[in-house]
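Undergrad: Chain order of the listed sequences is A and B. This note's numbering applies: residue 498 is where the first sequence begins, and numbers increase by one. This note's numbering applies: residue 1034 is where the second sequence begins, and numbers increase by one.
Everything labelled a hint here was simulated from the structure, so no lab data went into it. Cβ coordinates follow ideal geometry from the N, Cα and C atoms, glycine included. Please note that the accuracy of each hint is not assured.
Chain A stretches covered by chain B per the calculated footprint, using a threshold of three residues with CB under 8 Å from any CB of chain B [stated by the list, open to error]:
#1 569-578
#2 581-592
#3 609-619
#4 680-690
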Amino acid sequence: MHRTVRTLFTLLALIALGAAAAQGVTIGVLTPLTGGAAGTGQAQRAGFELALEEINAAGGVLGAPLAIVIEDTQANPAVGLAAFEKLMTEDGVEFIAGGFSSGVTLALVESFRTFQPIVMWIGGAVSGIGIDGFDGIEELIGQEDWFFHVHPWDYHNVEAATAFVADTGSQSVALLHEDSAFGGPGSAGAQALIEGAGLTVPLREAFTSTLLGGTGDFRAAIAKAAATDADLLYWIGYDSDVVPLTSQVRELNYNPQYIFGAPPGWPTEFAAAPEAQCVTGLIGFLPNLPTPEAAAFTTAYQAKFGAEPDNYFSALAYANLWAYADAINAAGTTDQGAVIAELEAGTFRSPIGDWSFEPSVVGKHQGFTTDLWLVFQYQDGVREIVWPIEKATAPLVSCR
Amino acid sequence: MNPAAKRRTVPWDVLGLLLLIAVALFTPELLRALFDRASVSYLSIAINALSLAVLALSWDMLARTGQLSLAHAAFYGAGAYTTALMLRHLELPMWLGIPAGGVVAVLFALLLGSLTLRLRAIYFAIATLAFAEVLKSVAHHAPTSFAGGNAGMNVAPLFRPTFVAGEMERWEVAFLRNESYFYVYAGLLVLTVLVSIALQRSRLRHAFTAIRTNEDVAGVMGVRPARVKLLAFMLSAAGVGMLGAVEAHRIGSVLPDQSFAVATTVLALVTPIFGGLYTTLGPIVGALGLSSIQELLRRTFDDGYLIGYGVVLVLTILFMPRGVVGTLGNAWRKRGAGKPRAKRTSDDATEKPGGEA
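Starting from the given sequences, assemble the full structure and let the hints guide the process.
TA: Shown next as structure tokens:
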């Protein structure tokens, strides 16, 4: 009897060990699957799932299938904190991916410092650089060995947008912006850079985004912009502002040479709307990006999900997971020091092109910078890439 | 009530409070003993549930007068910004920001209540919602050097346990931090429960019920509705202001959209409706119940768990219009209907969705 029990325990232990070995590496993902930012979170999930499928089809990580555990942050700091602590203490992960919302990221800073897993973060763009009395994410944890930031910082976004505006040949810019943490500092930075490039900014006017309780009536702000007769209308707002704002620009017969918007995402159905014609916008990835990597990603994405990737966070998530897989495989171990060394030294694949980590203003590991950004223009229902020139699929056309 | 009847009455509210304190005292260590490192995560969930309980119970205190407040996000944000501003501009102990948050929220309630509490029903609700939006807008447009403007402000944590290599594991640092926060949130809930019990045991309870039932008749009976409602509004704001301050330390920042989020007000009113209105127990049961259901669904279903959460809420409102506590209380009373009962007070005969726990 005693021997039988011992044999049984030995067998169970072996099965457990085998299961553990087969389980391999697990990456914890934090993203808002529900709530106001669910669209971005679902796009991230699609990118992670596609990358996971490809990584495991290619042999996995360290000879075993890679696994991911996705936790919903609801874009709520307190929920995000509980979700991160679950990943660290219940799921026992050593690597964290995903991320969205600077508020959630700031809530995680103390806990990141406590557990110190490797965090490769594709959200949270508020660097804090240039904001007196406020420490942003780059300033707080950018210098940590274990923190890797993939998405460009806020100043990279503004630099890219300003470079495009200057390249249009415009002389004056009317600036409309939503009045939260997203549009406020962004518009101030944009104005400084635009004026630094020798252009004039006759108007910088705030509005309340429909996402944050605004009525969706932007006519007063648009009328002020129209009165300036600026060459270019530059607006910073959210996805839900796209349709009412551009519709009201047409309704008021305001006809600047260029209309340039910088929301985090664009409604898919907007492309077919007549008011979309000639509107330009900033985006991190488009399926028609003329590179083999983009084509391969788009084809695989369409095959798996039956639709084109229309939110650039799916491309960033895909790049995020592949970078982990490549770095851990190159290290040959999950030892933190070895993986950090590989992340610092490696060049990684992505639908946008090869990328690597370099120092930023104060951060040690910054992935994409201004080079991520593309400017597209709606031309006959298609988002044509018009900037930078070397990636353009069509020339920029004037709205007049 | 005659003295003999008073002697026979079991002080369930006080016993419940003592039970709450006892459970709170042992919860962190019990979780650690049962779940080891996973206790960190469970404590975090418990803290969020306690936070919801404080918010819901505070909101219910005003609801007992029949007024529907949509201003609680404003009080929460006012508390959060008060502690952040004190940290930035005054060299005072960090802990003072918590009571100061409560005081500022009470002052805002006094200001808003003085102007709006003569409005009734939906008109009062609209005025309070507008107030929350005004404060959010003020926070957005405040000078960056003073209150951070759109970018918000950093808020230092109340607790920062130190990791000692070789003597502890990293999760133990997180446990110590969560344990400390748990006691702060539990203390805040105990304080809120004490205020609620004091209200329920005082003559104000009858005034609240009279105003809720018929404000004009209450006035004829000698109750001064405006003054009573103002007092309820101020008491209701105090706990939420302190909660906002504590939460700001825990999540490390205040941002206009985050601190004055409409979602805070929605949670404040949905939770007591689920648990049972006009009681001390109802909002607490609502907070613990909704937090548990949401967590359970989240861990069971990868997708669409909020649909299940919504279905639970809808079914509760449809089939348990008095909330969980009210419905269970009714069932309990029906069960004992055949037995001889103590004489009912006049207050018991009035409308009371959650019973009178």
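Undergrad: Taking the hints in turn, state whether each one holds.
TA: Results of checking the hints against the structure:
no.: 1; hint: 569-578; in the structure: holds (count 6)
no.: 2; hint: 581-592; in the structure: holds (count 5)
no.: 3; hint: 609-619; in the structure: holds (count 3)
no.: 4; hint: 680-690; in the structure: holds (count 3)
Hint check: no violations occur; every hint is consistent with the structure.
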